[in-house]
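Participant: Start from the sequences and build out the full structure, keeping to the hints where you can.
As they're listed, the protein sequences go chains B and P.
The first sequence begins at 1 in the UniProt record's numbering and counts up one residue at a time.
The second sequence begins at 1 in the UniProt record's numbering and counts up one residue at a time.
No lab work stands behind these hints, which were simulated from the structure alone.
A virtual CB, placed ideally from N, CA and C, is assigned to each residue, including glycine.
Each hint should be verified, as a subset may be incorrect.
Unchecked claim - With the Cβ distance kept under 7 Å, some of the chain P side facing chain B (calculated, not the full set):
| no. | residue |
| --- | --- |
| 1 | 8 |
| 2 | 63 |
| 3 | 96 |
| 4 | 111 |
| 5 | 132 |
Number of protein chains: 2
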Amino acid sequence: MLHVSERGQLLPPSPYRQLTPYAEAARRRGLVVHPLNIGQPDIETPPQMLAAVQQADIRVLDYGPTAGLDSYRRVLADYYQQQGLAVTADDIIVTTGGSEAIMFALLACLNPDDEFIVPEPFYGPYQGFAIATDTRLVPVSSYLENEFALPPIADFEAKITARTRAILLCNPNNPTGYVYSRTELEQLRDLCLRHNLYLLADEAYREFCYDAPFVSALELPGAEQHVVLLDTISKRYSACGARIGALVTKNQTLREAVFKLAQLRVCPPGLGQLLAQAAAELPTDYFAHTQAEYQARRDLMVARLQAMPGVQCPRPGGAFYVLCQLPVDDAARFARWLLEEFELRGETLLVSPAAGFYATAELGRQQLRLAYVVHQDIINRSMDCLAAALKQYPGRQE
Amino acid sequence: MLHVSERGQLLPPSPYRQLTPYAEAARRRGLVVHPLNIGQPDIETPPQMLAAVQQADIRVLDYGPTAGLDSYRRVLADYYQQQGLAVTADDIIVTTGGSEAIMFALLACLNPDDEFIVPEPFYGPYQGFAIATDTRLVPVSSYLENEFALPPIADFEAKITARTRAILLCNPNNPTGYVYSRTELEQLRDLCLRHNLYLLADEAYREFCYDAPFVSALELPGAEQHVVLLDTISKRYSACGARIGALVTKNQTLREAVFKLAQLRVCPPGLGQLLAQAAAELPTDYFAHTQAEYQARRDLMVARLQAMPGVQCPRPGGAFYVLCQLPVDDAARFARWLLEEFELRGETLLVSPAAGFYATAELGRQQLRLAYVVHQDIINRSMDCLAAALKQYPGRQE
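Facilitator: Written out as structure tokens, the structure reads:
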């Protein structure tokens, strides 16, 4: 009998998509199911960027350079420089989405059985990336009561072993929306310098900060050799399907190892790079517009959630998620009940139960992640559903 | 001091690109350098396929399904069915290039330290994929004297250990151009059934067979649960930059594991899939045209090589490479000499020394791989260069 590998067996299914079959069944019954479960922006991909692909004169869609098109790397370096980051084109390896940047960073920084520490709740696939790369994700818990702020450095230190090689931080955070302060980042930097760790900074949501300026890990003085930026255009330009990301580091030795990994897949997607490169043509106020729209959505969703009896919802400073605590026995059971047993005027909700974002058992069991990537009218209708559902749900707990 | 991982250190640089700096220097000196080193087809990407992307009505370039667009999977299943293969859309997971299919197959079929057996010479990056996935590539030698035919099954059996999980076969072969016969494939199938191994079939060049019909591993009766097809549109449609491949298997358990790996990167490139899907609109004689062109190039290159004193060159049945033996001390030294010290009427050659395609030390040291992905006029000029160079090269050996 043929066997699937242990990693193939151990990999968890996506925490975002487990409820999809129930949502499809609800839609077949005629319900409108509002999708708040995944971070797929509804904001249109900038037409200038699509036009750059659609008007390109291509005779042979050939392999490009392994590290990405030189022209695109220069555009991307300009983008970082406009943010005050001392990044040059040479520091950049263009990747196939942010996911490939995560994979490359883990493969190049960690040996099998090495450990990396991540504040939990965390982006669910990190656990899968650890399994695929044969490395160990070690969680340090952050708590809703504390708005999911950075856990005390002592909690990180308590988890450090001889096998610890890196801290992985998603900032702004998915799933919590928390934006780490300069002070918190400096504490982490000092920890990494003290224990000789890489600081893997997943900044997929770097352009979505609503209350305070974003601080990138690349800004931290003294950490240049430690910081590995994991980036993507997916959220920044509503271009998830382009599969264009980047790994950025001033650490040349590490970059050379990543380059050899990148050679295995020859080059990142060519058409997506043409699209990404045209970001240079966007008006300078492009992000101001998208930020204003997401901020209004956040304010609306948080206000609605905070008005529901028994719901606890910190006000996230960034990304486009809220992680809230509900007065229910089990958020996964509640999420399924929403799709199977509930409706309000022919509508219901698809949400992500938060347990899939935690490595520690039992944490987050009453929590949901909601993505505000839909129009404000849909947010209102969704919150109407949620408020009504929380009154009717038989597993309600105070 | 921060360290790069062991896999990061062990990864070999690409055997295709090591001479690139010397080629660039030669070009800066004003030489025309004919690129016969990599398999980048010069044949144009079908305009119908590019038009499908360029005329698509896209508002949000969003995440697609993890296994690929349903519409594209159906088109791809139709393609296989036209070849007589019983493939349905459900059997297909669309990948980001053939490279991702290789990575997924190794991760899903093999545990760390497990082994897979590959006839050598082999596609150079296989060794890197083994390192990245912490698996072991075990070579079984094939020989130029035997036209690089499948090594005797006894040679495979001699390499099988308790850790062997798969045979990886590239058919038509890169770098040798050898096309495996039905009898050879059946022998391999029997071996896989007997020893409970996966048969990973890299058929990137499946449409480039010149002397006999191609036999796919998917045609082998009784091996349905064992065969994993690794495919790509890169060569088939001159669309290397699209980064669209596929992993195809009837083994549902394995496919579910691959699907979980695929969920980590959410989806394959969206624009590339639109392009790939439009292959359905190509005229039915599309491959006849491209095959005729490549076959004429092969015939020309092989005839020219065989006419050079001391050169041994089997006549490859497929792909677009020849692997030939030269009367030189060291093919790598010769290749560098071509770029640094040789010219004929202002022209020279960029080639791939074959040592990078072997795992066994010393094998292939006098061999070169030449890709016939350039116009016949360039092939003639390149062969003029090679013939002259072999006369002048100080390290010539009879």
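Participant: Confirm or reject each hint.
Facilitator: Quick rundown of the hints versus the structure:
Given the 7 Å rule on beta carbons, the hint for residue 8/P holds: about 3 Å separates it from the nearest Cβ of chain B. Among the interface hints, the one on residue 63/P holds; its C-beta lies about 4 Å from the nearest C-beta in chain B, closer than the 7 Å criterion. Look at residue 96/P: its Cβ gets to within about 5 Å of chain B, closer than 7 Å, so that hint holds up. Annotation: interface hint on residue 111/P holds; nearest CB of chain B at approximately 5 Å, less than 7 Å.
Taking 7 Å as the C-beta cut-off, the interface hint given for residue 132/P holds, the closest approach to chain B being about 6 Å.
The structure shown violates none of the earlier numbered hints.
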